[in-house]
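K.L.:
The residues making up each chain are set out below.
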Amino acid sequence: MIKKVVAASILTMAHLAVAESSDQIAPQSALMVAHPEQTLFTDITDTGKALVAVGKHGTIIYKKAEQKWTQASVPVQSLLTAVTFKGNDIGWACGHDASILKTTDGGKTWTVKQYLPQLEKPCLDIEFVNQQHGFAVGAYGMFFETFDGGESWNKRFISEFVHPDDVEYLNDLKEQDPAGYEQETAFILPHFNRLLITDDNMYLAGEMGLVAQSEDLGKTWQKFDSFYRGSFFSINETKDNHFVVAGLRGNAFIGSGQQVQQLKTDKTATVNNIIVDDSTTYMLANSGVIFSIKNGEVTSKQLKNGHSILSGVLKNKSLVLATEQGIAEIEVGN
Amino acid sequence: MQAFLNQLVYVIFRHRITVVTFFILTTLFLGYKATQIQLDASFNKNIPLNHDYMKVYLEHEKQFGGANSILISVCDRDGDIFNEPFFTQLKAVHDQLYFIPGVNRPLVNSIFAPSARFVEVVEDGFAGGPIIPANFQPTEKGLSVVKQNIEKAKVVGRMVASDYSCAMVTAQLMEIDPQTQEKLDTLAFAQKLESEIRAPLRTDKVSIHIIGFAKMAGDIADGAKGVVLFFALAIAFTFIMVWMFCKSFKLTLLPIACSFIAVIWQMGLLSTLGFGVDPMSILVPFLVFAIGVSHGVQMINAIGKKVAEGVSSKVAAEASFKALLIPGGIALLSDTVGFLTLLAIDIGIIRELAITASLGVAVIIFTNLVLLPVMASFFESANIKRIGDGKSTSHDVFESIRETLVKTTDKKVARVILLISALLFAFGYWQSDKMRIGDLHAGAPALHEDARYNQDTFLISDRYAISSDILKVIVEAFPAACTDHDTMARISRFQWRIENLPSVQSAVSLSSVAQAVNAGYNEGNLKWQALPRNSASLVQATSRVETSSGLLNGDCSVMPIIIFMEDHKAESIDHVITQIKAFAQEEGTDDVAFRLASGPIGVMAATNESVSQAQVPMMIYVYGAVILLCLVSFRSVRATIAVVLPLYIVSTLAQALMVQLEIGLTVSTLPVIALGVGIGVDYGIYILSSMMGQLKQGMPLSAAYRNALAERGSAVLFTGITLAIGVSTWIFSALKFQVDMGILLTFMFLVNMLGAVLLLPAIGTLLWSDQKK
Chain A
1 MIKKVVAASI
11 LTMAHLAVAE
21 SSDQIAPQSA
31 LMVAHPEQTL
41 FTDITDTGKA
51 LVAVGKHGTI
61 IYKKAEQKWT
71 QASVPVQSLL
81 TAVTFKGNDI
91 GWACGHDASI
101 LKTTDGGKTW
111 TVKQYLPQLE
121 KPCLDIEFVN
131 QQHGFAVGAY
141 GMFFETFDGG
151 ESWNKRFISE
161 FVHPDDVEYL
171 NDLKEQDPAG
181 YEQETAFILP
191 HFNRLLITDD
201 NMYLAGEMGL
211 VAQSEDLGKT
221 WQKFDSFYRG
231 SFFSINETKD
241 NHFVVAGLRG
251 NAFIGSGQQV
261 QQLKTDKTAT
271 VNNIIVDDST
281 TYMLANSGVI
291 FSIKNGEVTS
301 KQLKNGHSIL
311 SGVLKNKSLV
321 LATEQGIAEI
331 EVGN
Chain B
1 MQAFLNQLVY
11 VIFRHRITVV
21 TFFILTTLFL
31 GYKATQIQLD
41 ASFNKNIPLN
51 HDYMKVYLEH
61 EKQFGGANSI
71 LISVCDRDGD
81 IFNEPFFTQL
91 KAVHDQLYFI
101 PGVNRPLVNS
111 IFAPSARFVE
121 VVEDGFAGGP
131 IIPANFQPTE
141 KGLSVVKQNI
151 EKAKVVGRMV
161 ASDYSCAMVT
171 AQLMEIDPQT
181 QEKLDTLAFA
191 QKLESEIRAP
201 LRTDKVSIHI
211 IGFAKMAGDI
221 ADGAKGVVLF
231 FALAIAFTFI
241 MVWMFCKSFK
251 LTLLPIACSF
261 IAVIWQMGLL
271 STLGFGVDPM
281 SILVPFLVFA
291 IGVSHGVQMI
301 NAIGKKVAEG
311 VSSKVAAEAS
321 FKALLIPGGI
331 ALLSDTVGFL
341 TLLAIDIGII
351 RELAITASLG
361 VAVIIFTNLV
371 LLPVMASFFE
381 SANIKRIGDG
391 KSTSHDVFES
401 IRETLVKTTD
411 KKVARVILLI
421 SALLFAFGYW
431 QSDKMRIGDL
441 HAGAPALHED
451 ARYNQDTFLI
461 SDRYAISSDI
471 LKVIVEAFPA
481 ACTDHDTMAR
491 ISRFQWRIEN
501 LPSVQSAVSL
511 SSVAQAVNAG
521 YNEGNLKWQA
531 LPRNSASLVQ
541 ATSRVETSSG
551 LLNGDCSVMP
561 IIIFMEDHKA
571 ESIDHVITQI
581 KAFAQEEGTD
591 DVAFRLASGP
601 IGVMAATNES
611 VSQAQVPMMI
621 YVYGAVILLC
631 LVSFRSVRAT
641 IAVVLPLYIV
651 STLAQALMVQ
661 LEIGLTVSTL
671 PVIALGVGIG
681 VDYGIYILSS
691 MMGQLKQGMP
701 LSAAYRNALA
711 ERGSAVLFTG
721 ITLAIGVSTW
731 IFSALKFQVD
741 MGILLTFMFL
751 VNMLGAVLLL
761 PAIGTLLWSD
771 QKK
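These protein sequence lines map, in sequence, to chains A and B.
With the first letter of the first sequence counted as 1, position 10 gets the number 10 in my numbering; the numbers rise by one all the way through.
With the first letter of the second sequence counted as 1, position 471 gets the number 471 in my numbering; the numbers rise by one all the way through.
Zero decoy hints are in this set.
Interface residues of chain B toward chain A, partial, derived using beta-carbon atoms under 7 Å: (1) Trp496; (2) Glu523; (3) Leu526; (4) Gln529.
Treat the hints as calculated values from the structure; they're not laboratory data.
Remember, predicted model here, so these are calculated numbers, not experimental data.
Even glycine gets a Cβ: it sits at the ideal position worked out from N, Cα and C.
Produce the complete structure using the sequences and hints provided.
P.N.:
As structure tokens, this is what we get:
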């Protein structure tokens, strides 16, 4: 009898222990709330059918034409940082806990494809070449690649960005001590803040002035010579094939090839996102600052409420903005 | 009983000189004591200290400050604070407030406070410093630096008005001074705010606006002093009316003087017991006076009638004493017991009121039922005679009124009266159901809307993003809980749920600040505004937050969530509290408890809950006391119904009136309902006690009622009208609270009187129908 009780209690304890540990890593669904549109939003995209924005507390909201913002069903509560669509219905989002989500119904419901809280790294951007081939990049050189539409993700280490002095040491370590190699490479690279895929090129912008490009769909990367020591948060390509890269404290550069030139900005707000229109390039920044670049001249204006702008999309003649306290919309004149 | 009364009459009226001497000496002693009584307001008195929320509040008051705060908005009259004179005055206000005793000094906050710092992200990490730099010069350059720092520190809307026209200095008050161990004198503190801050520091360029409980109590006390004038007016008016009623100066003096002595005794006793008078219960002495007059007039009326029958004043006084001691005593005793039941409500100010009012009413038994007839027995009969003189015109008037009133015992008339009463009751009941608990208006409802205090409240809520409507939920966890991801995630989720509730403006917690700091550590990139998973990073994110922020204690085992609400309307509070309770259940664990509540809204929530819980028991106690005493004295269920039913209908109607006047049920208005019962019960008991003996002998109702009216009716009518007119002058008071009470009391005096003379006999036709012939 006593044996049974002991056995049972050991079993229960074991069960509890399992439950507890799995509890820690199992993602919890985002809370459905009354005002999902009032939190921090980090990215917004236009699927063609709807606007979809992602943000804090695992919040994803979508809005069709003149309808109201609706909260999507999301299986995680992590802060989401990026969203991208290929076609009207298929899209992906990523965020903290290295979580990656996928939707096949235009953003209404999402499923978890990756959730790795033990990595303690956020994914900061996600982009796809087509509906099969995509990338998710993030903190400390996090780089995941998928070839099956985001069902499975392969981790990659972009060794081109390792400091030349460390290359040899890492190569030795990889052979002798694979575990040590994993540990050593986990935090060695700078944050990858933004990935840009253009028709014939890929750009990566990140911490410590990192700007790199790849002409073979991400297989190999070429770093630009350093022209700034702070962080870049966004990069985009203008209609005339220049790239604009910007980041901390309003530092912005325009270039083509290895020719890079600093843009004179009148405010020190950190740029989070760059949007390219026909003749104007908008840089969306903290404290509600919007820089406009036209013919090499930079002007700026500021949202009255001073809310930092994380991202935006052009819709007709207005900019729909993802800000630190919800979605905002402003008119932009051309 | 009769034997006991005879014995009592013998003892008292044989030793008249001793009795009078006793009264004189007692009055002198208590009068001296009464001169020492003081107005006394305290914050803790207004809150239900034993309510669960308030236990949490008191537990953490020392660390996180209480709800007793003072907000001083210093405003530039030209609408722009960035100039030298403004900064000089703002600093002066900050320094002055810091040194006023009673202020919790470490929590004095403004842009001049050492804790007012800004942090910004630069290429090589953080840069930061005090909002006002150490080398601050009020030059154009210095001011522009300060302006940038204010923006970086994100204090616009809190420490600085959203339009940069004002800046705020806030402080928390301590109930007990830690150095002297003395209790905070709220009213003296309010005085100091005027004399040491507003008066000397206000200039042509800078205006000063002060709100907070202490200031409100001070302003109400100032207004309450004006109440004395209204009392004097009401007393003078009552005097004239009584004189017209009895046509004798000496006789008039009796009820007025005896009632006044009752007030002196009451004040003296309060002072002896160590109580003060709260500004909000300042009308109780007047109520005591009014109830005293009501009984006094009955007494002189009875004596006058007896003298008119030709007996000596001494015999008349003895007879009246004997006749009225029982009904008067019962009425006063049921008042006393009724008020004493208010003690069951665990809010300091209501308990004080219970003691104040029950003491006052109890002493009337001595002054107006004993002293008054004894004094009257010394008068010469000729002085008294006129009151019962058949030839006076008022007599004719009363006679015709009496005949009209007797018609109410006619079955048909009675039916109409009962029908109307039933309709009125139904209406009243329906209306009183809409009675809301808590404050229904912004600012201080006890003051007029155009009072300076309320104007200052409007200015502050207009120019700043946050109000003083703050609710704090206290998260109690374990030491170093702020480095535990699960705990912090629970707080974050809890906060996110709360932020989604209606009438919640925003919320802040250590968790949300840590997330912002984490973004700060990551170059201000908001994509990092999340809780780091590992403890080391959480330590980094939370260690920058100081305990002076009020978001954590020393070992971060306690972390309040501060919730800013749009208003403090009862229904908003109610909804938010209900939801929070549900969230606390869901997010709480064995180690992490989300506990209600602190902050002004927390206190209001506790008070509202206590008031709403107290409402029904209080009514049961008060009516229970009245019913029990009626049953004992009349020994008749029918008589008890006849007295209590009109009373109940009238107090229901009074509640409906409160709904109409938009007076919410609060600690200061709740007792009025009980007091109303006390005022009303007198009339019914006097009328019915006169009828009961005759009814028991089988006399028809109409005849018994006619006799009762002849004996006591004129006094009832007279008192009701006189007191109603007296209190109606309060409409001109400087205190909105007194205006409201004036209207309510006028209503209660009048309608209770009507209830006793119209409804009571009409109900009687149903109860004593067998005698109707």
